[in-house]
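Visitor: If you want the building blocks of each chain, they are given just below.
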Amino acid sequence: MNRRARNVLFLIAAAVFAAAFTAACTGLPAFGTSRHPYGSRAIGASIQRRTANVVSSVNFDQRAIDTLGEESILFGAVLGSVVLLRRARDENRQDPVPGRVLPTTLLLGAGLLPVTLLVGVYVIGHGQLSPGGGFQGGVVLATGLHLAYVAADYRVLRRVRPVAVIGAVDAAAAGAFSALGLAGLIVGAAYLQNVLPLGTFNQLTSGGLVPLINAAVGVEVASGVVVLLAQFLDQAVEIESPPDGGKGRRTHPSPEAS
Amino acid sequence: MSGISGGVDALVVVTLVLVTAAATAAALTRDPVRQAAVLSGLGLCLALLFLAVQAPDVALSQLAVGTAFTPLLILLTVRKVRRSGRGEASGDGGARGKGDARGDRGAGTARRGGGR
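First to last, the sequence lines map onto chains Z and P. First residue of the first sequence: 96, per this note's numbering; consecutive thereafter. First residue of the second sequence: 4, per this note's numbering; consecutive thereafter.
This is chain P alone, in the form it adopts within the complex:
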């Protein structure tokens, strides 16, 4: 019995360390696109932590909202901000290509779907 609970405790400690590392990385990332990706990883670590402390309902919520939904909203917002910034900086042609190159470097989701 104590062996099982000892294993669970070790799992809790490991996931806690993972969460701390991921949260620190998310706070230190400055580029919003990368931050969204790191945030998604943090969501996954938190879901693992909740699973380790036997809260699968919360883990599911965390997985759905923290790993998929919130990063998606951030990526869409970044895309909108860059689009309006692009339109303001100059005309459409040259700036648009530059914007796409920027998008290519970050995670692809915000760029996808063909607004080009």
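Only chain Z is shown next, with the shape it has when bound in the complex:
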């Protein structure tokens, strides 16, 4: 397909999309109003289950099965990149030589590392009460851990996160989500139904199953992101590709050329 045909195709598709999108938007409930048909029902159900953060109630209680699907997608994506980025037979592993770190960077990184980890744990732990939850806190935890790499060295990072252990934790946490759903089946309710004691509204232990699933998601996301970043870091820092093996792959122009 030549450039002109592609442009025409794009313009037609864009026009159709613009018309359909505008039509769909006119059918939406008014923007920024205090009442919303879905919002009111979700808030009602959330307060009934004594979960202060309605978003967490939707994610881990009212629509927990959707979240299970999303977690499985993340798990599958991490698994896929681990398989793709593993060390190939013709690649060599070379121990990286540590570079010089500015003292200010070291100070800032070492000071921020515990603060970031604490924030991550807080965001996961208070997922059922305040904005945030397993996913957000998990990503904060995982990226915060890499301050060890920015502030110190790759070898320090390798020591603070043993990838084999964290990979196993990732799988266990993903399995824990599915297993927690069985609690409903055991007492004769539906899969992933919130059957645990609901506790007192706005307490850490409130929400029944919500804080447990939230914690499982937090662990899964944190370890999944750590494993994913570890594969990328291995490729970027440690693994040496064979000099001739790169020729066939390097078909794209150099970024400086354009």
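Simulated from the structure, these hints should not be mistaken for laboratory data. Small disclaimer: the values here were computed from a predicted structure and weren't measured. One thing to keep in mind: the hints can contain errors.
Only some residues are given here: those of chain P computed to face chain Z with a beta carbon under 7 Å [unchecked claim]: (1) Pro59; (2) Ala67; (3) Leu76.
In this text, a Cβ means the ideal position worked out from N, Cα and C, and glycines have one as well.
Once you've looked at the hints, dock chain P against the given chain Z.
Guide: Relative to chain Z, chain P alone:
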């Protein structure tokens, strides 16, 4: 009451304009290293927009993934591509110095950590 909602509306419009500008800048940037930095800025603008429309949960996700995680992955990928390109172009010595000079010009994160 209308004063408050008017203020929020103005905030939404301002952040929408910011997002549009940042997204256009990200699309127009050609160098992947700079693009990662611009993308990080776009993530921040999007987080502000989500905050303005009262979706703090989404804003937090956007901040964590769009501002930190995605640019980091891009920088690591660029580093890997440049390293394999360097090894292919010539031996190690001269080309390595050149590669480092290139890295110095871009954002430092991909280069850091001492693969040198």
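Visitor: All hints are to be evaluated individually against the structure, with a verdict given for each.
Guide: Results of checking the hints against the structure:
1. With 7 Å as the threshold, the beta carbon of Pro59 of chain P comes within range of chain Z, its nearest partner Cβ sitting at about 4 Å, so the hint holds.
2. The beta carbon of Ala67 of chain P is positioned within 7 Å of a beta carbon in chain Z (closest approach about 4 Å), and the interface hint is therefore held.
3. The criterion of a C-beta within 7 Å of any C-beta in chain Z is met by Leu76 of chain P, whose closest approach is roughly 6 Å, and the hint holds.
Violated hints are absent here; each numbered hint is respected by the structure.
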